[in-house]
Amino acid sequence: MHLDKDGAIRMDCSSECAMAGLLALRDKFDLAFANDPDYDRHGIVTPAGLMNPNHYLA
Numbered sequence: 001m002h003l004d005k006d007g008a009i010r011m012d013c014s015s016e017c018a019m020a021g022l023l024a025l026r027d028k029f030d031l032a033f034a035n036d037p038d039y040d041r042h043g044i045v046t047p048a049g050l051m052n053p054n055h056y057l058a
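So in my numbering, spot 51 of the sequence shown is number 51, and the numbers just go up one at a time.
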């Protein structure tokens, strides 16, 4: 688990810092998904980077 920008361990799938591990693999997959433990937040990684969660919903 990577630290968030404030140095805390946080399961924030919309944070590039917390998603650094998955972002490092973005060129190997067309899409990659992650969610937090209670499934109320998600992160979508494309070859272009981390998608804004609101853009997915729009």
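Hints are computed from structural coordinates only; laboratory data are not their basis. It cannot be assumed that every hint is accurate.
Said to hold, decoys possible - Okay, the calculated beta carbon distance ranges per label pair:
| # | residue 1 | residue 2 | range |
| --- | --- | --- | --- |
| 1 | 10 | 51 | 31 to 41 angstroms |
| 2 | 7 | 30 | 30 to 40 angstroms |
| 3 | 6 | 30 | 10 to 20 angstroms |
| 4 | 8 | 35 | 27 to 37 angstroms |
| 5 | 29 | 53 | 26 to 36 angstroms |
| 6 | 10 | 54 | 14 to 24 angstroms |
| 7 | 49 | 3 | 16 to 26 angstroms |
| 8 | 54 | 17 | 26 to 36 angstroms |
| 9 | 52 | 29 | 10 to 20 angstroms |
| 10 | 2 | 53 | 12 to 22 angstroms |
| 11 | 53 | 21 | 17 to 27 angstroms |
Virtual Cβ for every residue (Gly too), placed ideally from N, Cα, C.
query: Is it true that residue 8 and residue 35 lie within 27 to 37 angstroms of each other by Cβ?
result: Once the Cβ atoms are compared, 19 angstroms apart, the range 27 to 37 angstroms for residue 35 and residue 8 is violated.
message: Taking 30 to 40 angstroms as the stated bounds, is the beta-carbon spacing between residue 7 and residue 30 within them?
response: 32 angstroms, holds
message: Looking only at beta-carbon atoms, does the pair residue 10, residue 54 fall within the given range of 14 to 24 angstroms?
response: 19 angstroms, holds
task: State, for the Cβ atoms of residue 2 and residue 53, whether the hinted interval 12 to 22 angstroms holds or is violated.
output: Holds - the Cβ-Cβ distance for residue 2 and residue 53, about 18 angstroms, lies within 12 to 22 angstroms.
- request: Confirm or reject the claim that residue 53 and residue 21 have a C-beta distance inside 17 to 27 angstroms.
  value: 18 angstroms, holds
task: State, for the Cβ atoms of residue 52 and residue 29, whether the hinted interval 10 to 20 angstroms holds or is violated.
output: 19 angstroms Cβ-Cβ, so the 10 to 20 angstroms window holds.
message: Quick check: does the Cβ-Cβ distance between residue 54 and residue 17 fall within 26 to 36 angstroms?
response: Given range 26 to 36 angstroms: violated, Cβ gap about 19 angstroms.
task: Given the range 31 to 41 angstroms, decide if the beta-carbon distance of residue 10 to residue 51 lies inside it.
output: With Cβ atoms ~19 angstroms apart, the hint is violated.
message: Given a hint of 10 to 20 angstroms, does the C-beta separation of residue 6 and residue 30 actually sit inside it?
response: The hint (10 to 20 angstroms, Cβ to Cβ) is violated, given that residue 6 and residue 30 are roughly 31 angstroms apart.
message: Assuming the hint says 26 to 36 angstroms, is it satisfied by the Cβ distance from residue 29 to residue 53 or not?
response: Since residue 29 and residue 53 have Cβ atoms about 18 angstroms apart, the given range 26 to 36 angstroms is violated.
task: Determine whether the Cβ-Cβ distance between residue 49 and residue 3 falls within the hinted range of 16 to 26 angstroms.
output: 19 angstroms, holds
Of the numbered hints listed earlier, those contradicted by the structure are 1, 3, 4, 5 and 8.
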